[in-house]
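Q: Sequence:
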Amino acid sequence: MKSLIFQTASKYLLPLLLLFSVFILLRGHYLPGGGFVGGLMAAIAFILHSFAFGLKETRSIVRLNPRYLMPIGLALSIMAAVSPWLVNLPVMTGLWYDEPIKLIGMVGSALVFDIGVYLVVIGSTLTIMFSITDTI
Numbered sequence: 073m074k075s076l077i078f079q080t081a082s083k084y085l086l087p088l089l090l091l092f093s094v095f096i097l098l099r100g101h102y103l104p105g106g107g108f109v110g111g112l113m114a115a116i117a118f119i120l121h122s123f124a125f126g127l128k129e130t131r132s133i134v135r136l137n138p139r140y141l142m143p144i145g146l147a148l149s150i151m152a153a154v155s156p157w158l159v160n161l162p163v164m165t166g167l168w169y170d171e172p173i174k175l176i177g178m179v180g181s182a183l184v185f186d187i188g189v190y191l192v193v194i195g196s197t198l199t200i201m202f203s204i205t206d207t208i
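Using the numbering used here, you'd call the opening residue of the sequence shown number 73 and step up by one each time.
It should be emphasised that the hints constitute simulated quantities derived from the structure, not laboratory data.
Don't take each hint at face value.
Now the in silico label distances, taken between C-beta atoms and shown as ranges [claimed, not checked]: (1) Arg-99 to Leu-167: 19 to 27 Å; (2) Gly-177 to Val-154: 18 to 26 Å; (3) Thr-205 to Leu-167: 34 to 42 Å; (4) Leu-127 to Trp-168: 35 to 43 Å.
No residue lacks a Cβ here, since even glycine has one placed at the ideal position from N, Cα and C.
Between the sequences and the hints, there should be enough to build the whole structure, so can you do that?
A: Shown next as structure tokens:
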């Protein structure tokens, strides 16, 4: 039995939670947040939608199999971690661009690393949730 109120609220909460997860991701440079917390927020948005509308409709929104997000995110994180080594710096040293970008601020390898973590967390959480829901 599906609730009309829950479905209506979920329609509005999904884009808001996804936008907030991106805000948390970008905020993680200087304040608490980052890829892990932002990824959990995004995964919770999709899980909330699947509770309201069912797994089939949520999978049609995601479009990409969440399992593909994990290797993409892992590759981004590894690339961000190893890239300083290519310019004779220790691994995991932050590389920063000289000019700040509007609305984001200073961009560097830490942001690429956080985006990779963001994708890994979304992919792993949704893969687990979708596989559990498939078996029920």
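Q: Which of the stated hints cannot be reconciled with the structure, identified by number in ascending sequence?
A: none
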